[in-house]
Amino acid sequence: MPPRVRFAPSPTGELHVGNARTALFNRLFAKHYHGSLILRIEDTDQVRTSKVFEENLRQDLSWLGIEWDEGPGKGGPCGPYHQSERFSLYQTHLERLIAAELVYPCYCTDEELEAERLALISRKMMPRYMGKCRNLTAEARSRLAAEGRPAAYRFHVPPGAITFPDLIRGPMRFEGSALGDFIIVRSNGIPAYNFAVVIDDHLMKISHVIRGEDHLSNTALQLLLYQALGFAPPQFAHHALILGWDRAKLSKRHGSTAVREFREQGILPQALINYLALLGASFGEGKEVCSIDEIIESFSLDRAGKSGAIFDKDKLFWLNSLYIRRESLTTLTGYLQPFIKEAGYAHLDEARLHRILDAVRDNITSLAEIGTYLRIFDDSSYEFTAGALELLADDETRKVVLSLLDLLDNTDAEGDKLYGTLMPLLPGKTGLRGKKLFMPLRAAITGQTKGPELDRFFSILGKSSLQYRLQKALAATA
Numbered sequence: 009m010p011p012r013v014r015f016a017p018s019p020t021g022e023l024h025v026g027n028a029r030t031a032l033f034n035r036l037f038a039k040h041y042h043g044s045l046i047l048r049i050e051d052t053d054q055v056r057t058s059k060v061f062e063e064n065l066r067q068d069l070s071w072l073g074i075e076w077d078e079g080p081g082k083g084g085p086c087g088p089y090h091q092s093e094r095f096s097l098y099q100t101h102l103e104r105l106i107a108a109e110l111v112y113p114c115y116c117t118d119e120e121l122e123a124e125r126l127a128l129i130s131r132k133m134m135p136r137y138m139g140k141c142r143n144l145t146a147e148a149r150s151r152l153a154a155e156g157r158p159a160a161y162r163f164h165v166p167p168g169a170i171t172f173p174d175l176i177r178g179p180m181r182f183e184g185s186a187l188g189d190f191i192i193v194r195s196n197g198i199p200a201y202n203f204a205v206v207i208d209d210h211l212m213k214i215s216h217v218i219r220g221e222d223h224l225s226n227t228a229l230q231l232l233l234y235q236a237l238g239f240a241p242p243q244f245a246h247h248a249l250i251l252g253w254d255r256a257k258l259s260k261r262h263g264s265t266a267v268r269e270f271r272e273q274g275i276l277p278q279a280l281i282n283y284l285a286l287l288g289a290s291f292g293e294g295k296e297v298c299s300i301d302e303i304i305e306s307f308s309l310d311r312a313g314k315s316g317a318i319f320d321k322d323k324l325f326w327l328n329s330l331y332i333r334r335e336s337l338t339t340l341t342g343y344l345q346p347f348i349k350e351a352g353y354a355h356l357d358e359a360r361l362h363r364i365l366d367a368v369r370d371n372i373t374s375l376a377e378i379g380t381y382l383r384i385f386d387d388s389s390y391e392f393t394a395g396a397l398e399l400l401a402d403d404e405t406r407k408v409v410l411s412l413l414d415l416l417d418n419t420d421a422e423g424d425k426l427y428g429t430l431m432p433l434l435p436g437k438t439g440l441r442g443k444k445l446f447m448p449l450r451a452a453i454t455g456q457t458k459g460p461e462l463d464r465f466f467s468i469l470g471k472s473s474l475q476y477r478l479q480k481a482l483a484a485t486a
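Per our numbering, the sequence shown runs over residues 9 to 486.
Do not take every clue at face value.
[Unchecked claim] No farther apart than 20 Å at their CA atoms in a straight line, the calculated lysine to any residue pairs in the SDA-like style are these:
| no. | residue 1 | residue 2 |
| --- | --- | --- |
| 1 | K82 | Q99 |
| 2 | K444 | R363 |
| 3 | K407 | A486 |
| 4 | K444 | D424 |
| 5 | K444 | T457 |
| 6 | K213 | Y234 |
| 7 | K444 | G423 |
| 8 | K480 | F392 |
FYI, nobody ran anything at the bench for these hints, they're computed from the structure.
Generate the whole structure from the sequences, applying the supplied hints.
What follows is the structure, encoded as structure tokens:
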């Protein structure tokens, strides 16, 4: 049977790169083994859940190219795909557990539970529920219910070890006595995470659960529920987490962590997918730049890596620069549109944009830098940097500028032929070569001391624009 995997985010915030990596691993697994990826929205947290976050999440997944086969917007035979629409299913299975006396009502207040937690910590013990309500008599339960105390439902954890094979980490073992009886339905009637996912994964026929290692202890609890309900459990694989520079779990204190933030910073989806797929893993046969097809072909859970990997933003931007250089101009132009619009150049014709982009693509690491270069190629917007003005104040620089102006005034060459026609004449006319010739010209023509090759400016700007800029350079230090 082809595998069925799922990505089940909670829409309580923007899509984190760690969750995006989990979604990616599930998609890669499904594609490699010709299976299906199900998107399920875990929206039971009615306070923090937001439709805006859900829409952003779906947009971010689509932007990354992580497409799902069943779920919101796609439908499928195992819906509904929002947990908020599945409460009747959870209630049915809760009643089964109540009838089998595998769960019991818990009337403990939040204050009582917090006091118990702190007491255990003070005794250097692992916090867990100590079973205060487990053995309440029927009379005591009736009295508490009559008082109007809301009841949660807890699963009675049996003694003994819980073991399971993890497809990434190998054999795993948890002691039931260390876990404590856990809530499966809260006192407000909302199903707890571990209960809802077991019902959903079973009914959606999930064959493999691939998620972060922070869910390992949840797996032990979920296996108890699978057994209690008579469900065959899926296979589990827990990949390592993404870490910050201090080797702590990646979080906002480490800077940008949301997919949308990197998108807004000008990262290409292909670069982010490539980076996340290979982070701490050994897919791609040792290459750092891999197409999605190459990653799918080499994907294997036993190569996913057991140790956390540090998220290196510098390397991500370096990888992004490689993708900027190799993508087609048409593809790049599509991704550049919001940055071009923000820079005020939405009116720029595509042919000129392509010429500028082709000239500068080797110099940029993110799409967000395009505005800077569009301004450099714009006669009305470019400015001289302090370094350029310092160069322009030199007498030799003025000599170079005046010499090029004279050559421009006396040539019929245009466009792509300008540079090849005039530049060979300048050394003889000025007596200067190398940096002493090219640095002054760069400062005068671009207003910068570094950047794309000068021949690109000659061909893109043209004769009249070059003359204007050289005159402006002379006036800037007059």
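Of the numbered hints stated previously, which ones are contradicted by the structure, given in increasing order? 1, 2, 4 and 7
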